[in-house]
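J.: Take a look at the letters that make up each chain.
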Amino acid sequence: MHQEQITQLIKEEYAFFLQQRSGWSLTAGPQDLELVAHALRVLLHARTTPDFLADYLALVDCQHADGGWSPFSADHESTVWVSAFCGLMLIRGNRLLGHERLARAVHRAIDYFLATQRPDGRWVDPRWADLDTTSHPVSFFNVVIALGESYRRSDVQRAWEQGVRFILDHQSPDGGWYDNDFHPSGVEITAHLIQDALIADLVMENRVRGVREACAKGAAKLYALQAADGSWDGENVDHTMDCTRSLMIVTRVLGDEHGREVITRGLQWLIDVKNPHGWGDFPGMETNLERTCDGLDTLLKYQAYCSADPLAVVRLWGYVP
Amino acid sequence: MCPEHASAHWVLACRLEDLPPGGRILVTIDTTEVALFNLNGVVYAINNRCPHRGGPLIRGFLDAAGGIKCPLHGWRFDLRDGSSQRPARATTYPVKIQGEYLYVLLTTPALACRRE
Ligand code: FES
Numbered sequence: 001m002h003q004e005q006i007t008q009l010i011k012e013e014y015a016f017f018l019q020q021r022s023g024w025s026l027t028a029g030p031q032d033l034e035l036v037a038h039a040l041r042v043l044l045h046a047r048t049t050p051d052f053l054a055d056y057l058a059l060v061d062c063q064h065a066d067g068g069w070s071p072f073s074a075d076h077e078s079t080v081w082v083s084a085f086c087g088l089m090l091i092r093g094n095r096l097l098g099h100e101r102l103a104r105a106v107h108r109a110i111d112y113f114l115a116t117q118r119p120d121g122r123w124v125d126p127r128w129a130d131l132d133t134t135s136h137p138v139s140f141f142n143v144v145i146a147l148g149e150s151y152r153r154s155d156v157q158r159a160w161e162q163g164v165r166f167i168l169d170h171q172s173p174d175g176g177w178y179d180n181d182f183h184p185s186g187v188e189i190t191a192h193l194i195q196d197a198l199i200a201d202l203v204m205e206n207r208v209r210g211v212r213e214a215c216a217k218g219a220a221k222l223y224a225l226q227a228a229d230g231s232w233d234g235e236n237v238d239h240t241m242d243c244t245r246s247l248m249i250v251t252r253v254l255g256d257e258h259g260r261e262v263i264t265r266g267l268q269w270l271i272d273v274k275n276p277h278g279w280g281d282f283p284g285m286e287t288n289l290e291r292t293c294d295g296l297d298t299l300l301k302y303q304a305y306c307s308a309d310p311l312a313v314v315r316l317w318g319y320v321p
Numbered sequence: 322m323c324p325e326h327a328s329a330h331w332v333l334a335c336r337l338e339d340l341p342p343g344g345r346i347l348v349t350i351d352t353t354e355v356a357l358f359n360l361n362g363v364v365y366a367i368n369n370r371c372p373h374r375g376g377p378l379i380r381g382f383l384d385a386a387g388g389i390k391c392p393l394h395g396w397r398f399d400l401r402d403g404s405s406q407r408p409a410r411a412t413t414y415p416v417k418i419q420g421e422y423l424y425v426l427l428t429t430p431a432l433a434c435r436r437e
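Protein chains in written order, with the numbering used here: chain A, 1 to 321; chain B, 322 to 437.
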């Protein structure tokens, strides 16, 4: 796969993404916040965040008094998964924007996650498996800690550590994570958890034992589950993007070169099944904006993954200042 | 759509032989995608688009209790009535077999309602 091809695809898809701005920007009216968070991540990884301050401020405007967000911006009940995604975009965006309102919103988000954690370390959201839900505040706290945010630092560290332990305690002996109430294959959850747990370990300098081994096992599980055509989960575009991206960061941190072939196969499949503009949820399906944001994000991360600097992709993710 | 102006029609979906026991088929009627499943001789019809984020239920995972899990994030819906433990309900359609053909009952907005 040639870098020029990747660069050209990014250019085209980013132009399409901008054309669709009224579909994802809060400045155009109420939006699905999961989609908004996906879009803000594209801006971060395309390094265009400074041009979109109004979008970040609009995200602060729809934060609730408890510090969380709801799946739809006009709704009023906070839920964990989307709140973590929004909080993560705010703290990462504010590294570039340096805006006082965003900084305060991040503190309120920290309050929200500290208030909603269960005694056993998990976070709960009826829309998502508990393991997947838990990985998102852990990921948010990874960045909070990595960026040296001092607000309620000891509480954050304690909550973070309990969250990581909850994740590690629920890994199956085969290296995967599963939740029978949700997706049976465990592919998506495993992809999320290996990256979040490993980064947690990186940020906290090996304070929780066994993380690297657990994540290496999880990565091996994903290798084994990849189909011959490069996809995962029965040609699931979303899950193939999750696995491809996760393995980029995990194999970089673990120094596992075997992952390169797996990642390249996954990416090639994603390029092969894309629509003229954007991606659908499965090959042949119509383009949707959320998947298109994921696709663009995957390409941007691949560019960083191919950089000579082995930590470039980790840095792009916001984990290494 | 306002329910008092809605009208229901039996619409031809497919030939019965296209949906043997254990089979599944996706049909598009007008602009509505209907996923049909034959579970041990009983046919169920459900709107193909998951009410969570539009995942295609035709690619979902069936269970013995008559449920289907969406292939995207795994929300489970009861094929009989679309109910779920998640905060959404899928749309299901009554099915009838006439001769060699299978029909689903689709509710469409009445013309007067559409004009509003
Ligand atoms: S789209 Fe169906 S569970 Fe999310």
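Worth double-checking, as some hints may not be accurate.
Subject to a maximum C-alpha distance of 20 Å in a straight line, what follows is the list of computed SDA-like cross-link-like pairs (lysine to any residue) [said to hold, decoys possible]:
hint, chain 1, residue 1, chain 2, residue 2
1, A, 274, B, 372
2, A, 274, B, 384
3, A, 11, A, 179
4, A, 274, A, 57
5, A, 11, A, 221
6, A, 221, A, 258
Label-pair distances were calculated between CB atoms; the ranges are [to be verified]:
hint, chain 1, residue 1, chain 2, residue 2, range
7, B, 406, A, 103, 58 to 66 Å
8, A, 284, B, 382, 27 to 35 Å
9, B, 354, A, 95, 56 to 64 Å
10, B, 328, A, 50, 47 to 55 Å
11, B, 354, A, 19, 20 to 28 Å
12, A, 64, B, 333, 42 to 50 Å
13, A, 286, B, 406, 50 to 58 Å
14, B, 331, A, 286, 23 to 31 Å
15, B, 408, A, 65, 15 to 23 Å
16, B, 329, A, 307, 42 to 50 Å
17, B, 342, A, 115, 46 to 54 Å
18, B, 406, A, 315, 35 to 43 Å
Now the stretches of chain B that chain A is said to cover, found in silico as 3 or more residues with beta-carbon under 8 Å [stated by the list, open to error]:
hint, stretch
19, 357-366
20, 387-400
By construction, these hints were calculated from the structure, which means they are not laboratory data. Just so it is clear, CB atoms sit at the ideal spot from N, CA and C, and this is done for glycine as well.
J.: If you draw a straight line from the CA of residue 221 of chain A to the CA of residue 258 of chain A, is it 20 Å or shorter?
T.: holds, 13 Å
J.: Looking only at beta-carbon atoms, does the pair residue 329 of chain B, residue 307 of chain A fall within the given range of 42 to 50 Å?
T.: violated, 59 Å
J.: For the stretch 387-400 of chain B, do at least 3 residues have a Cβ located nearer than 8 Å to some Cβ of chain A?
T.: With 7 residues in contact (Cβ-Cβ under 8 Å with chain A), the coverage given for the stretch 387-400 of chain B holds.
J.: Do the alpha carbons of residue 11 of chain A and residue 179 of chain A lie within 20 Å of each other, as the hint requires?
T.: violated, 38 Å
J.: Kindly confirm whether 27 to 35 Å is satisfied by the beta carbon distance between residue 284 of chain A and residue 382 of chain B.
T.: Violated: the Cβ-Cβ distance is about 20 Å, outside 27 to 35 Å.
J.: Can the suggested window of 35 to 43 Å be confirmed for the beta-carbon pair residue 406 of chain B and residue 315 of chain A?
T.: Holds, at about 40 Å.
J.: A range of 58 to 66 Å was offered for this pair. Does it hold for the Cβ distance of residue 406 of chain B and residue 103 of chain A?
T.: violated, 38 Å
J.: Can the restraint linking residue 274 of chain A and residue 384 of chain B be considered satisfied, given a maximum Cα separation of 20 Å?
T.: violated, 31 Å
J.: Measure nothing beyond the straight line between the CA atoms of residue 11 of chain A and residue 221 of chain A; if it is 20 Å or shorter, mark the hint as holding.
T.: violated, 33 Å
J.: Please check whether residue 328 of chain B and residue 50 of chain A have a Cβ separation lying inside 47 to 55 Å.
T.: Given a distance of about 54 Å, which is inside 47 to 55 Å, the answer is holds.
J.: Between residue 274 of chain A and residue 372 of chain B, is the straight-line Cα distance small enough, at 20 Å or below?
T.: Violated - the C-alpha atoms of residue 372 of chain B and residue 274 of chain A are around 24 Å apart, more than 20 Å.
J.: Given the range 20 to 28 Å, decide if the beta-carbon distance of residue 354 of chain B to residue 19 of chain A lies inside it.
T.: At 26 Å between Cβs, range holds.
Of the hints listed earlier, those the structure fails to meet are numbers 1, 2, 3, 4, 5, 7, 8, 9, 13, 16, 19, in rising order.
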